[in-house]
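Student: Residue-level listing of the chains:
Number of protein chains: 2
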Amino acid sequence: MFKTVPLSESQTYFPGQPYSVSVLKVGYCLPQPDGTFRADGTITLITGPKTVLVDTGGPWDRDFLLTTLKEKGLEPGDIDVVVGTHGHSDHVGNLSVFPAAVMIVGYDVSDGDTYRPNQLAEGQGYAIDEQVCVVPSPGHTEQHVSVQVTGTSAGTVLVAGDLFECCTDEDSWRDLSVNTAVQEVSRQKALQTADVIIPGHGLPFRVLRN
Amino acid sequence: MFKTVPLSESQTYFPGQPYSVSVLKVGYCLPQPDGTFRADGTITLITGPKTVLVDTGGPWDRDFLLTTLKEKGLEPGDIDVVVGTHGHSDHVGNLSVFPAAVMIVGYDVSDGDTYRPNQLAEGQGYAIDEQVCVVPSPGHTEQHVSVQVTGTSAGTVLVAGDLFECCTDEDSWRDLSVNTAVQEVSRQKALQTADVIIPGHGLPFRVLRN
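Residue numbers (this note's numbering), protein chains in the order written: chain A, 1 to 210; chain B, 1 to 210.
Each hint should be verified, as a subset may be incorrect.
Copies of the same chain are indistinguishable here, so a pair counts whether it falls within one copy or spans any two.
Stated by the list, open to error - Taking lysine to any residue and the SDA-like style, the derived pairs with C-alpha atoms no more than 25 Å apart in a straight line are: (1) K25 / T114; (2) K3 / L120; (3) K25 / M1; (4) K72 / E122; (5) K70 / P99; (6) K189 / F37; (7) K3 / T114; (8) K70 / V5; (9) K50 / L176.
FYI, nobody ran anything at the bench for these hints, they're computed from the structure.
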């Protein structure tokens, strides 16, 4: 069985060799009194032999993203791979900032306008290298992916997009899922393999297994 | 019964009062000898009381889009509404060019980070005004939308995203569909209502009904 433990707002950096994982922006989803929702997706940077950005926030995050990358000494051209976990506007809002990156959005892998064949739809991961792998995690949308980073000081980190909304999302994830049965399977797989999960709309959390 | 008739490369502008529809870029999907595909999505501009951009092409189209809009006397800030028919990278690659627009990506309608409730998931259209309506057209993805423009000189124009790949797509659309049965229903509805269909990866075509 699994237990999930919330991490604090200061625990958004997971160093490692060769890869470190930094949450650049913690996503949120806040119902408003007028019936609207204020929402943005988590933005995560993976640094090491390759530089990988997982999710890009909403279109309104463009300047935040450029500034935050600059603070880390990075220009958009330094990003090797951009992953959009799924095609919702609060996750794929800034793809155009990175026209030179390999672009993985859901199950599509492209390099400019050239789309590479892959086996994500058949349930196989797309390895960026030995430590970083894009894994299919359908349910929230039918072509949703997550990014697994092994060997950090916190163990295996899963950048999960909206596979998980937040640490305590049992009341909310089903309402946002296009296929709850499929997503439940994807969630169980994630809980079996990840030590830390970075969800799409909340703080990272730790997974404890008995 | 329906018959679809391809239009020529010069027939990419459908004038009307109050709305005109211009195809800014004709999408394509070209299998390559090495097993990859070169692909980009159709980009369409609707002008009238509101200025609506339907699909934004891949991230590599940013400069093309800025230049083409400028040639029409438009700055990004002049676009009132951006519609991403679905969240694939060749359709939502340039959302960040239009941070001030109302953003409709699949079934999500947002204004900055504020997401507005809507009935797209319940099968109801989201009217931009009396002539322009975002209509759910699921199948290619489960939250796919199209944009219907009534009253042009060519009749009702449907900017269809990947509901249709191209005029003669019977060999290809099923392979790219997450739910062919659902998409078949969406396609039949489109063929019953539209006089011209602008598909996601080919030239516009006319629909003839007996």
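Student: Decide, hint by hint, whether the structure agrees.
Tutor: Results of checking the hints against the structure:
With identical chains, the CA atoms of K25 and T114 are at most 25 Å apart between copies only, with a shortest distance of 17 Å across copies and 30 Å within one. Taking the shortest alpha-carbon separations for K3 and L120, neither the intra-copy value of 28 Å nor the inter-copy value of 36 Å comes in at or below 25 Å. Taking CA atoms no more than 25 Å apart as the test, K25 paired with M1 passes in neither setting, with 30 Å inside one copy and 52 Å between copies. In the homo-oligomer, the alpha carbons of K72 and E122 never lie at most 25 Å apart, since the shortest distance is 36 Å inside one protomer and 44 Å across protomers.
For the homomeric pair K70 and P99, the shortest alpha-carbon distances inside one copy (17 Å) and between copies (20 Å) are both at most 25 Å. With identical chains, the CA atoms of K189 and F37 are never at most 25 Å apart, being 29 Å at best within one copy and 31 Å at best between copies. Taking CA atoms no more than 25 Å apart as the test, K3 paired with T114 passes in neither setting, with 42 Å inside one copy and 33 Å between copies. With identical chains, the CA atoms of K70 and V5 are never at most 25 Å apart, being 32 Å at best within one copy and 51 Å at best between copies.
Proximity of K50 to L176 under the C-alpha cut-off of 25 Å is found in neither arrangement, the shortest distances being 32 Å within a copy and 30 Å between copies.
In this structure, the earlier hints numbered 2, 3, 4, 6, 7, 8, 9 are contradicted, and the remaining ones agree with it.
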